[in-house]
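**Q** Got chain A; can you put chain B with the ligand on it based on the hints?
Keeping their order, the protein sequence lines are chains A and B.
The first sequence begins at 1 in this note's numbering and counts up by one.
The second sequence begins at 1 in this note's numbering and counts up by one.
Mixed in with the good hints, there may be bad ones.
As the list claims (entries may be wrong) - Covered stretches of chain A, as calculated for chain B (at least 3 residues, CB under 8 Å):
{"no.": "1", "stretch": "37-51"}
{"no.": "2", "stretch": "63-73"}
{"no.": "3", "stretch": "78-85"}
{"no.": "4", "stretch": "95-105"}
{"no.": "5", "stretch": "152-158"}
FYI, nobody ran anything at the bench for these hints, they're computed from the structure.
Where is the CB? At the ideal position from N, CA and C, for every residue including glycine.
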Amino acid sequence: MHADQTAEAEGGSAIERFCERSREVGVPVARVSREEATDVIGELADPPVVATPLPWEGIDSPEDATTEPTPDDLERATTGVTPAVGAVADYGSVLLRSDRAGSEPTSLFVDRHIAVLDAADVVPDMGTALADHGDAFREESASIVVATGPSATADMGELVVGAHGPRGVDVVLIDDDADVGETIDGGSDE
Amino acid sequence: MSSRSESRRVKAAKIRALMESEGDAVRANTEGFNQGRYESVARLEDYEGLKDEARAIKEEAIERLPELIDAVRETIEARGGTVYIAEDAADANRYIAELCAEQETETVVKSKSMTTEEIDVNDHLAEQGVNAVETDLGEWVLQVADEAPSHLVAPALHKSKEGIAELFNGVFDPDESLETAQELTAFARDRLGEEIADADVGMTGANFITADSGTLALVTSEGNARKCVAATDTHVAVAGVEKIVPSVEDLQPFVELIGRSGTGQDLTSYVSLLTPPVESPVVDHASPEEPIDSESADDREFHLVLIDNGRMAMREDPELKETLYCIRCSACANTCANFQHVGGHAFGGETYTGGIATGWEAGVHGQESAAEFNDLCTGCSRCVEACPVKIDIPWINTVVRDRINRGDDGEFDWLVEGLTPDADPGGVSLQKRLFGNFETLARLGSATAPVSNWLAGLGPTREAMERLFGVDSRRELPAFRRETLVDWFEKRGGVATSEKRAQRGKSGEVESTREVVLYPDLYTNHVLVDRGKAAVRTLEALGVPVRIPEIPSSGRAPLSQGMIATAREKAEAVADALAPHLIEERDVVIIEPSDLAMFRGEYEKLLPERTADAISAGSYELLEYVYGLLEEGVDAGVLSGPRGDGDVAYHSHCQQRTMGLEAHTVAVLDRAGYDVTTSEAECCGMAGSFGYKSQYYELAVDIGEELSGQLEGSGRVLTSGTSCTEQLGSLGDEPVHPIELLAPGRPAGGDDGS
Ligand code: SF4
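Excised from the complex, chain A in its bound form (with noise of 0.2 Å):
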């Protein structure tokens, strides 16, 4: 059902298969428009929150977010917001680029990640993924996690989401094409 679609694999097919193999792993995604980012992000977390700089005009992290967290305000935080720098469509899922902002502590140390993603930059397949950021790896050192799904483990017996990392991850999907009305489906269950 997945990587078979990569023929088809354009434009807005892409981004739909994104959001069902988001959804399908475990992760809401919220398809919004520029306007509505900011309301919807903040709506999605819950406090307290941790957040690192979002790079796109207009849209911005909860006022109420710490920005330079201690390590305690990590470990207490509830929700953790950074921005994605793309996605892979097969697999539903978002990829997290280190920074010296803290992006990668902020996903991670956190009860639930909110990644804020550019409908741009989803591509439909991991050959895509690798081949866009390839330079990035060699020429500027660039350190990236795929996430797919919250953290999870099966050696305690049996399969229980939320090991070290995260226990529920949102996406909110900025969408200048998104359908407003019919975008939002709310967070994680939790």
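**A** Chain B with the ligand in isolation, oriented as in the chain A frame:
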């Protein structure tokens, strides 16, 4: 000799104990992973293509390894990291201990890494007063329990939730006793969170390392590897040299295959692509109230310890080299019937587990370590199609078995040497020698039947067989038939008669001009003669004349005992006997799937390429051949349809399935009007001689019972392979070969009446 029979008893007891204590958990988990793999790879558009890509990248990488190591070193050093090539475990441990001493660290937090298990770094650090804490939940359970991993990917899969709860409650005595998997996970997460906060050094493995960018790929699910790096300022990565691939783009097939092949997940939660020292601030729990300093990203230190420990020598070894392509996904273990029933504590060596462990253990720890468990690979070949880098795992097991045989000084026994005219050295055990020379036994058996059968069944004989050869006395022995298939065919008038009968069979609109050489495999010729007669009658009725010349045995029996020299002699003799027929463009039809698997598979390694290719191209499995005739338009009406409801339960042979030939039998039965249910079990457990061996008898029966349970109630049981027939026959009604149902004018299984 008695020491051998004693060690067989010890081994049987160990396997029995493991089946009881760990068998249920191992089986539930591995069978779940295996099923998940089938489902997950089926979702790929081009699974085979992806495997080919992965294989090609590994082949290239190992070929260019010295150059790639230099490239990794250059890239990482240019960024301020260090690369240390450790010759062996001691060298690696010394270097890592020195690093910890420099950092004055007391605690090292680790994410899961089999390579650090290989070098036993935890023990070594403990001797230096450094506490290495496993943060992968499964590894931590084992650390608390002081046990070894039983699986490459899910190290604690032999433990149940109840077992872990008992362990934690006993060791930690928590305020409220722990019960559910959620509670256990939360407890472990909190405790390990504190350890991570305390540590200054994080140690990880690496699934892959890219030479062009110095990026490590870590395939994980829990998030502990990410935390071990994020919260410490010194990152030590330990990896075998074989983990290097040329470029970031080369990661694609591996990232897409590794989770699917292993645990049946399309992708695990996190594939971390770290290019260290990572550009991320250190979460310094020593100053919990200080804002995390973004400049601390500049203070990060990175050390890559690349382990040789025998790998560069494996690279020079033409047979073991393939092992280096292994990405340690665990598919070969999960798909293995023996592994599913005993797990890695029996089917594994010092560090590694499952079928490929033979290659790894022989390469890094030495042959003796592989000798312990190597016989648990029965060569069923189900792992070959599961392996994402297409390693011929059974062949590696055969080669190492052969080397182990040769390595022994050899107790020469004139009696058995006389009985067993093989080309292999004296080090081969009597048990291996007996089964490896089955051809001699079968000839003797038929020549003296029924006396031989009567004699073999007698108490004192069985006792001696168990003591000398380790043939389990609970196992029924094959009953040799006085009249072999070849004798019967000659008596009936040989090829002249067959031509006449085939002429009568050419009644349909399409006439075949083919001619068949039916291969008289040992079992069809001496034991299961009826299936041979049914094959002859069916082919003739479809208009194809048959001949059954004397052709030697395929070499399968000695090969499965690791007697490669003997197997090669047999292969050469078979090639000589088949040559005139292949030149006449006769089709070689084979009933026994394990022999066809030799013709199509191992002969490549035993014979010159052109000879092997000619035999492979000219050989067919019996029902594959019948299917082909029907496809060419020959009338299927002569095949016998069902008398009753037509329900049949079919267990295809393991190697037949690997060759992709299960479907042909099912299709022919279907066309003849049968309603076919197929089994899911990967193997019947008998696997040639395996189920006869006293040390493995109970394991084989355990596997067979699972299979017979699957088939129960689905109708008449059909099998294609001899081993499956013997195994299922010993556990229930005697199965028949599909051809015995399909042959015209049966009574099924009855005599031919000609
Ligand atoms: S040999 Fe193949 S199937 Fe087995 S662990 Fe290695 S890569 Fe996986």
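**Q** Compare the structure with each hint and give your call.
**A** Hint check results:
1. 37-51: violated (count 0)
2. 63-73: holds (count 5)
3. 78-85: Per the Cβ count (0), the hint is violated.
4. 95-105: n = 8 at 8 Å, threshold three: holds.
5. 152-158: holds (count 7)
The structure is inconsistent with the numbered hints 1 and 3, although it conforms to all the rest.
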